[in-house]
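Visitor: Line by line, the protein sequences are chains A and B. Read in numbering that gives the first Met the number 0, the first sequence has 187 at position 188, and its numbers run on one by one without any break. Read in numbering that gives the first Met the number 0, the second sequence has 649 at position 650, and its numbers run on one by one without any break.
For the record, the hints were derived by calculation from the structure and aren't laboratory data. A couple of the hints might just be wrong.
[To be verified] Only pairs whose alpha carbons sit at most 27 Å apart, straight line, appear in this in silico DSSO-like list of lysine-lysine: (1) B:K917 to A:K48; (2) B:K196 to B:K257; (3) B:K251 to A:K220; (4) A:K48 to B:K228; (5) B:K251 to B:K598; (6) A:K48 to B:K158; (7) A:K48 to B:K251; (8) B:K376 to B:K51; (9) B:K917 to B:K938; (10) B:K722 to A:K117; (11) B:K917 to B:K951; (12) B:K257 to A:K48.
[Claimed, not checked] Short, incomplete list of chain B residues facing chain A, as computed with Cβ under 8 Å: (13) Y585; (14) S731; (15) T914.
[As the list claims (entries may be wrong)] Negatives, chain A to chain B, calculated, CB over 10 Å: (16) G21; (17) A39; (18) R47; (19) K48; (20) R72; (21) P87; (22) T89; (23) D90; (24) A113; (25) T121; (26) T188; (27) A189.
The C-beta atom is built at its ideal place from N, Cα and C for all residues, glycine as well.
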Amino acid sequence: MALKPTQCARRSFLYRELENSGARFEELNGSAIAINYGDAEGETAQARKLGICDLSSLQRTGFKGWNMADWLRLQGVVLAEESNITSPQTDGTRVARLAPGEALVLGDYQGGGALIEKLDSTWSMESADGCYQVPRAETNFWLALTGTEAPALFTKICAVDLRDQATSVHSVVQTNVARLNAIIIRGGTAEVPVFDLLSDIASAVYLWRALLDAMGEFGGKPIGLKALQDLT
Amino acid sequence: MQRLSEPFGSLIDRSQSISFRFEGEQVSGYRGDTIASALLANGITTLSRSFKYHRPRGVLSMCGQDSNTMVHVGQKPNVLADRVMIEADLEVRAQNYWGSLENDRLAMIRHVSRFLPVGFYYKAFYKPRWGWPLWAKLIRRVAGLGTVDLTTPHGYYDKEYLFTDVTVIGAGPAGMTAALEAAKAGAKVLLIDENAKIGGTLGYARFDGDGQSGRKTLVDLVAEIANEKNIRVMTDTVCTGWYSDNWLPLIKDNRLYKLRAGSLVVATGCYEQPLIFHNNDLPGIMLGSAAQRLIRLYGVKPGNRAVVATANRDGYGVALDLLDAGAEVACVVDVRSNPPEDEMSSALMHRHVPVLVGSTLREAVPTPGGGGVRAVKIAHLESAERAARRYDSFACDTIAMSGSYAPAAALLHQAGGRVSLQDGSGGFSVHDLPAHIAAAGSVTGTQSLDYVLAEGQDAGRQAARDAGFEVMSASEPRRTEPKASAWPIISHAKGKDFVDFDEDLQTRDIENALTEGYQHIQLLKRFTTNGMGPSQGRHATLPAIRLAARRTGASLNETGSTTSRPPIGPLTMGHLAGRSFEPVRYTAMHFRHLERGAKMMPAGAWMRPEYYGDARNRLESIAAEARNVRENVGIIDVSTLGGLEIRGPDAAEFLNRMYTFAYLKQPVGRSRYVLMTDEAGVIVDDGVACRIHENYFYVTATTSGVDGVYRTMLWYNTQWRLKVDITHVSASYAGVNIAGPKSREVVDRVCDDVNLTPEEFPYMGVRRGHVAGIPALFLRVGFVGELGYELHVPASQGEALWDALIEAGADAGIRPFGVEAQRLLRLEKGHIIISQDTDGLTTPPEADMAWAISRKKPYYVGMRSVSIQEASGLTRKLVGFEIADPEITQPKECHLVIRGNTITGRVTSVVRSPTLGKVIGLAYVAPDQAELGNKIDIKVDGGEMVQAEVVKLPFYDPDGERQEM
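Here chain A stands alone, though its shape is the one from the complex (with noise of 0.2 Å):
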């Protein structure tokens, strides 16, 4: 029987978006995750095109405070030297440094994120002296942004230069969306971009809505968690 998203505890803010796309869901996490819309070839392909993918079931975390960077490389963390550039781990998360003291923690697509589980269960108010957590997974949902078309979408909602030749893979862009800050990770290959963006939870509905419009001249559609996964 295919599952509800209501029979999770944990919802995506967009659970409802998705369902009307036509969404089939899988559990991850404690939370049901848009797995595909009912074309999986399809959507390998759209993925490559133009896609939009909602990940706010998967992991992420966050820390801030003047200790920071001390704390997390204490757990054996990489951290890049300067803001707004993301170290990839060694488990597939990745460490994107928005400041001097915060970083974002983001797990892999494939729903996993061991560093992030280590981190939570070692930070306590006790222990971290200057290093606080922030709860990510519910200040911020989370999509993915695909394709070769997706430098040029962005440009009918962002004022910067997403452009490959204005923005490497690994860097952090942080902006405005369509009128909402937003966290912009620069990821997927050189052939094949993928951006993360992460904003406010509580405006996913409107955002969501607002990138299908921009992403509409392009052909870009919802794509699910596997297309996603094979893409990159």
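Fit chain B to the given chain A structure using the hints.
Guide: Chain B only, in chain A's frame:
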């Protein structure tokens, strides 16, 4: 039918016929035709009527540079018929007439034109003052451009950002070579042109006797550009201005592009100038380039018998093109007395066309009705400004005129560049261009095609180098002699020798204004409105400068020019607005509220339920929701409340400074009211601080105030440098308040790890536990004055929490309540709402909240101001009042408290309490009115005065037994 066969008509597709309607009549054209070219192909030469004298007008520039061709298309006024392409079933109407296009009743104005000089309305209608509204109504009816249809539906407009290394504006010969050169250096180039195809003059003008060199150059350059991967071409695109750092707005279709260019090449060309003579605006009189565009681009023969008047070599090319198109050329009139011979003049001579040198046009003779030309009178020039009285008359239906050229330099002007005009020669040059901007082609005054192409290459190399690419050094720009002489401006005794076609300004209008003393070019423009119409002086500014210079004896450069400001071309409100991005925030339970029939209301960017139920029973619904809280159990979504995490060894000290109360000794597991004042002692926010750990407070703030509180906190701690981290978590947690005598019973059903008994979890306590398996922070707070629990859970689980509590409370009669019921309940309890019961000046003592100020700490933000006010005395005070008499008119919020002739305060909150059965409220009164039992008078709707009694707060459950049970 004036349609020509191929090879004429490079823009039209003869295989696709398109029908549309003009003035209700069916007209057909080809795909690629503009409205104007299709109409002319069908012999329709009058497209609209002029602004002031309602004279018939036809094509002038044939490239959207004038207002003659403005028509109404569908619901859109002021569409340029020589720019917009035809589509099937387009409904086109002419503008500015009363009656019909052929018989415009307002054309009678021309008979009184001598009484309507420029500025007449400044002098004629201001007395008597009562008369102006009547005149205004009449003037607005007969003036104006087009009619706005207020029922027009919203169009879909949007915006897009663009980024390039090099931008080239104008894809004529200079622009194309500039783009190619920059692209060869490795730069990404955006080549922009307002026309449907690139090529500029190469597509229609004639550069030699046989007319082949331009077309060959065009084919070569177009092919080269198509093969250059670094060049992106945008046609039908207008750059409407220049802003700092090469920020350029581009309009294409319904989209506004916001372009940031590393460097810029302006190759915008120049505007051919009309000649000035009597009736120079009749349909059939057009610029030479317009005739060439009609022939070459649209395959339309402009007329059957033409006279070409020129001040330059290009007029000869126009005459040759007219001949090639099968028109008869009665003569060429050259204002130059001794024009140089070249291959074009020779070609013309071989085709036996008479050339009248040293002559000019004096008058066009209209056809009956004035809708066209039937002849032209030509006189010999006795001097640059004087024509002989004797004239020769030539029959013709078309006059093509090529006066001189004015640079299309608006972008360069806006960027800080300057244009110098050469007296007498008709030439000009640009200089003082800022860094990262180059100019090329005829906009700089360079005219010869070879030199234009070379100058484009130079500009392209310079632009690439400016954008950081390695190139050879650019060579010096070439200069050639101007190809035009200054054409004569000779006033005609009968007037109608138009300088500005937009505003129907004649030479006498300009001269009269100069006589009146408006000799500064800026004053002249504003008094006459010369150059202020839709074409923005493209054809009118240069003659006005020349007329002013002639009157004052100053040179053209001393006379100066008017200021160019964006937008250069027409810009719709839709383009400026774009797609409206209006972020809206939904709580985790938003759709559950909708499912229950909630009427939603905005709270900042959030949407909140105002009440649940039918709008027709709004008050009953609110009362029922409130009653259920008092008697049973209710649940309200409080996710929109602000949430801030204050963590670090100095967290308590930080709160102690930010808020008026004391927090250093606040026990872990307890919450405490927080009241924030600014430096002036004014209340700006409130909430509660929950101490979760010795170094960790979870602080709530008002929905609309939290962003300001967060910024204020960051600002102060940047100065204080306390060891504290501040995190904004408002959206991270969903929250509900479950309140009412049965709330403990309901929560207990879904919670097994928090002891909810009053002994273990007293009022103002804070606990952590689980509700239906969801991790939650429990707060015992009492905003509505009943036993209640505020539960904060991770946002992603908010909906599941809501579902669990609704299910658990079903037996107990749980029902959701909205913001309105909450406001009612809190008022019964006497709680204030910041910004409703306070204003931009309210201090804690005025709001009767001195109890929330700690007197034992050395500092909090605003302390000094509050202390000063307490020492100097209050001027107002917030009190509770009630009106027991049910017959009395109920006051409303903001109704005034009056004593004698003095306003002493105002009502801030008022409601008829269903619980207490009387009207209760809060109001500011004079301090001496604040004593309990005093009567205050409130002026209600209609001026009636009602009396209320000052009473003790709270109105409901004064001992707090119900909320602390």
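Visitor: Output the indices of the hints that this structure fails to meet, ascending.
Guide: Checked against the structure, the hints that fail are numbers 1, 5 and 15, while the rest are satisfied.
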